[in-house]
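Take the given structure of chain A and dock chain B to it, following the hints.
Chains as they are written, first to last, in our numbering: chain A, 191 to 329; chain B, 2 to 568.
To be clear, the hints were calculated from the coordinates, so they are not data collected in a lab.
Derived list of chain B stretches under chain A, where covered just means 3 residues or more per stretch with a C-beta under 8 Å from a C-beta of chain A:
| id | region |
| --- | --- |
| 1 | 339-351 |
| 2 | 371-385 |
Which stretches of chain B does chain A cover? Using the computed rule of at least three CB atoms under 8 Å from a CB of chain A, they are:
| id | region |
| --- | --- |
| 3 | 140-154 |
| 4 | 206-215 |
| 5 | 253-260 |
| 6 | 457-468 |
All figures in this text were calculated on a predicted structure; none of them were measured in a lab. Even for Gly, the Cβ is constructed at its ideal location relative to N, Cα and C.
Here is how the chains run, residue by residue.
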Amino acid sequence: MEHDNIRVLIAKPGLDGHDRGAKVVAYALRDAGMEVIYTGLRQSVEKIVAVALQEDVDAIGLSILSGAHRALTERLLAGLGDRAKEIAVLVGGTVPERDIPALLELGVSKVFPTGTPLSEIAAEVRAAVEAKRAAASAT
Amino acid sequence: MAKTADSISRAHGPEANEPNAKEREADNAERRWREEVEKLDLPPARTSSGLELDILYTERDADERDTLGLPGEYPFTRGVQPSMYRGRLWTMRQYSGFGTARETNQRYRWLLEQGQTGISVALDLPTQLGLDSDDPMAADDVGRVGVAIDTLADMEELFEGIPLGKISASFTINSTAAILLAMYLAVAERQGVAAERISGTIQNDILKEYVSRGTWIFPPAPSLRLIVDTIEYCVKHAPRFNAISIAGAHFRDAGATAVQEMAYTLADAITYVEACRERGLDVNQFGRQLSFYFYTHNDLFEEVAKYRAGRRLWAGIMRERFGATDPRAQMFRFGVVCGGSTLTAQQPYNNIVRVAYQALASVLGGVQSVFTAAWDEPFAIPTEQSAELALRTQQILAYETNVPTVVDPLGGSHFIEALTDQTEREVRAIIDRIEAAGGMVACIESGMIQREIAQEAYRYQNRVEQGEQIVVGVNRFSRPEPERSQFQLYESDPRIAARQCEKLAQVRRERDGARVKHALEALGRATKDDVNLMPFILDAVKSYASIGEICAILRAEFGTFKEPVVL
Chain A
191 MEHDNIRVLI AKPGLDGHDR GAKVVAYALR DAGMEVIYTG LRQSVEKIVA
241 VALQEDVDAI GLSILSGAHR ALTERLLAGL GDRAKEIAVL VGGTVPERDI
291 PALLELGVSK VFPTGTPLSE IAAEVRAAVE AKRAAASAT
Chain B
2 MAKTADSISR AHGPEANEPN AKEREADNAE RRWREEVEKL DLPPARTSSG
52 LELDILYTER DADERDTLGL PGEYPFTRGV QPSMYRGRLW TMRQYSGFGT
102 ARETNQRYRW LLEQGQTGIS VALDLPTQLG LDSDDPMAAD DVGRVGVAID
152 TLADMEELFE GIPLGKISAS FTINSTAAIL LAMYLAVAER QGVAAERISG
202 TIQNDILKEY VSRGTWIFPP APSLRLIVDT IEYCVKHAPR FNAISIAGAH
252 FRDAGATAVQ EMAYTLADAI TYVEACRERG LDVNQFGRQL SFYFYTHNDL
302 FEEVAKYRAG RRLWAGIMRE RFGATDPRAQ MFRFGVVCGG STLTAQQPYN
352 NIVRVAYQAL ASVLGGVQSV FTAAWDEPFA IPTEQSAELA LRTQQILAYE
402 TNVPTVVDPL GGSHFIEALT DQTEREVRAI IDRIEAAGGM VACIESGMIQ
452 REIAQEAYRY QNRVEQGEQI VVGVNRFSRP EPERSQFQLY ESDPRIAARQ
502 CEKLAQVRRE RDGARVKHAL EALGRATKDD VNLMPFILDA VKSYASIGEI
552 CAILRAEFGT FKEPVVL
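This is chain B alone, in the form it adopts within the complex:
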């Protein structure tokens, strides 16, 4: 709540010590200042999430200052590492993938040559939905929004010449995450890199797919089983691998506010932790292999506060609620994407500036990996040129601005601390409401979360159209748009699907059919038993069984999710 001049003398509260002369003088000065400002009768201001903003914050605003602590220490408000970027910069990880593995491998090598420090694999929709490229349902989508992966042969080609012992890869993959993880492990093994040494991330977060983005296949219960299987497997065999990246980004891009984004994400995370504990996994072990993923949008300080509050909340949940004692299991490590729904088709070069500010906010918020989207993404996937500029945006921030040099540089700001506290309270209130309604799975099955997000998206769109929310180049400072043909945009190659289908046919011809059959049958039997499916999936993948074949086995046992269609 914004303060008024009248409220200042009461700010110390009845239990506080009597103010001394110096404090009284400060109170009087602030009261005089507030009286002056109140005369201006300024309209109230809010963050994008609707949190009320005062015009000035002073030392009396942040009442939870004693919880601030140091970076690398509980509750990690100031960052998860003691030295943060002075020790090591964030990972620059541009989401990328299109066409077949060959084209995408070339793009990865080129991005690494340009100074990218991690790989983020964009997969096409058939791969995400467990369909082979030659499936009739896949026909229109092969290689379009990401790279097509059908079998291990594609994964081998994808990482050809890229040393997985040195470079980490992150996969935006959910329903079929276990299969992609198995393929990644198999490729690493071929490269001679032991599973203990590989690092990287699979998104593996199905709950948010039910709400937004929509690449679900199986119902919640078997999906959670698969997720816990992968986490359990990684705990045992690949301890440096993030077995899940609990993502708020897609809630956000679907319309959720920053506060809702954080709240829904933590509510999902709680669900996963509970599922792992039910399996009997040790929170101090698997807790280290959880990571998070968000969108950074335009409200700069709100984003910084969101990440600081997220770290503090998660540390508290893991320690107090789940009893994690290992600090690494309390750490909220996260990546971000900058761009998404904040990008505009109008005056598209403005997107470069938006993304730069968003990257700045992310770094001020203590991020571990950043993807800066390219300016042309409202139209198509990026060209090599726009992808380069997006990467350079991060490099300028990292190497020219000196921003990374001091840890949590906004920490201690009266405003940032107050906003962090406020965000924390609001997020906690939403989590409490979700838990009171039966937890995240129940709230997804009833469509409650989907409806809240869609309504927020509509509210935002109306605010833009009524000019209450200014978007430069859209509802202010707009001008007739030039023909889009003036921009050099990416054009997909219409022969991609045919090429990919040919390759799949060749793999099917050349593989050992009996071994495939055997592996798939073993997987089918395992689905009915109380066993971890990862070794069976790994075996199937190594026999060059395709994603479609493996998913058909899983679908037969697990069934498919029934989407609650809500408006």
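Bound-form chain A, shown alone:
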């Protein structure tokens, strides 16, 4: 089955080092049957893009708690360029609700603010990847 080989990169951009959420989500996605790569702390956006392309991932999950979600996400999507059509970008962390529409506008597939259940995150990652695959095969 196709969804059995979803590859996800969980990344911590920016300077924040709180990675409990990133690791818990990584475990949950792995238990949901996905292949998960974790970048470790303080990765530059350029490095995250490079790893994502090199590892040929289907999705990138950005974990951001510092409040810098908008700027970091914007730079990541710019870095992905055309590849953003194939790679789903999802953002989780301390993201105020009022910032969510702007992130979605940038091209983020889904935002998971504090308190989102793990089961929902796994389902949404899968849905986002499938949507990207469907769009890619339609063109």
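Using the frame of chain A, we list chain B on its own:
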């Protein structure tokens, strides 16, 4: 282990004296009671750390009662001061800082007006990571989760109008702790306060940063050198200053249990004490300047037992293992934070209640300083209004409940003493395991501790999602959440970074460039020698060299830590 009715007659053990008639009657009564309770077939219960809990504790449960002692006396189970809060309340120290030094200084003055009794400085991530505000890597994070400090000029502004001879400040700073300490000493000197008189704390605990929180820069060996340099300097020049605050809080918030939190923290502390002894420092001197920092979470009695066990364990380690004879060098003095990962975004006002219980547990556990987090911290840093309520939570506990009046009020409770003993045993077992695996540095470099904590965090999250762990408003008694826009939340000012960069540029223009260069070169040479770096850092700071410039010198010599990425 929970007892059964059958086990009661054997509780005295083969070596104990034959029970007398009164004891036999008590045994029979308890046996009858247990038989009744066993019929109910109640499910087993555990603390949040997984320690098994009986339904009732009696006089036969606490077998180490003879070690209880008195407050202010070894092993300090009942508290580090003889009179505890009757003599002086704990310090109310709200972690605070945002934007530039000017805004934060205003918040500090306001908090002090509201009755806060100490300052706790929250620094932004660039400051914690040794980056100047105009560094491209810092751009997104200037002034966000704390105040931006680039040079001594910022530190001067931060404490303007705050008398450092009277008010103590605590800094959550690790990799760059030596630099911040130097700035603090320089500001105190300007205020005319001698170093011998200043009190306060720098966190200065790098080992836990490698495991959780992540504000490391240098590898373990040079980091330990810097830490011992600051401790040595404080022993000589600032004897009332806590040169390190060995923190379990960040393990806890990353997912560790209460027992793991205490064990990892003491294992870190052992590493620091060994490093100080290798330098030739006197354990009776530096031992007085060590302090600790933890998270208090929701399991109230487990938290009380954790702190009581911590005091007893540390006193034993310092006296028996390291030969400390001065009681002040055996004392486990600690601060706490209440809130953190126990706070929920759902029904956020519930957080006020959680934090109040956590503060109560901390005080029952004999804490020295308390930070009560604000209810809105799952969303943003607190507003003035939510910060005030968080402070009032402590003040009500201090002044209205009468809780602080009697020392260690739960001491002697069969349950608390048994749980304290049990916690002590479990913590000691983990420390032994870490030492058998080569000590804390080895266990961090292999990623073992990181993995244990992450797995515990995942286990907890699954328990919440499966409803085994009840969180009110999240998996029980939940309802559709209202729009968060109904809450007045803090909004960061987008012009902060630009303002801070302007200020830094102005400092660079106005300072004596030759003096800066000279100080930085001297520091660079000193890094290669077997000397204490503090005087060189102090000199650099006083020349208005920036954090970024000083760290660049240190980085060039020390290199950077290679994070073991483990899942």
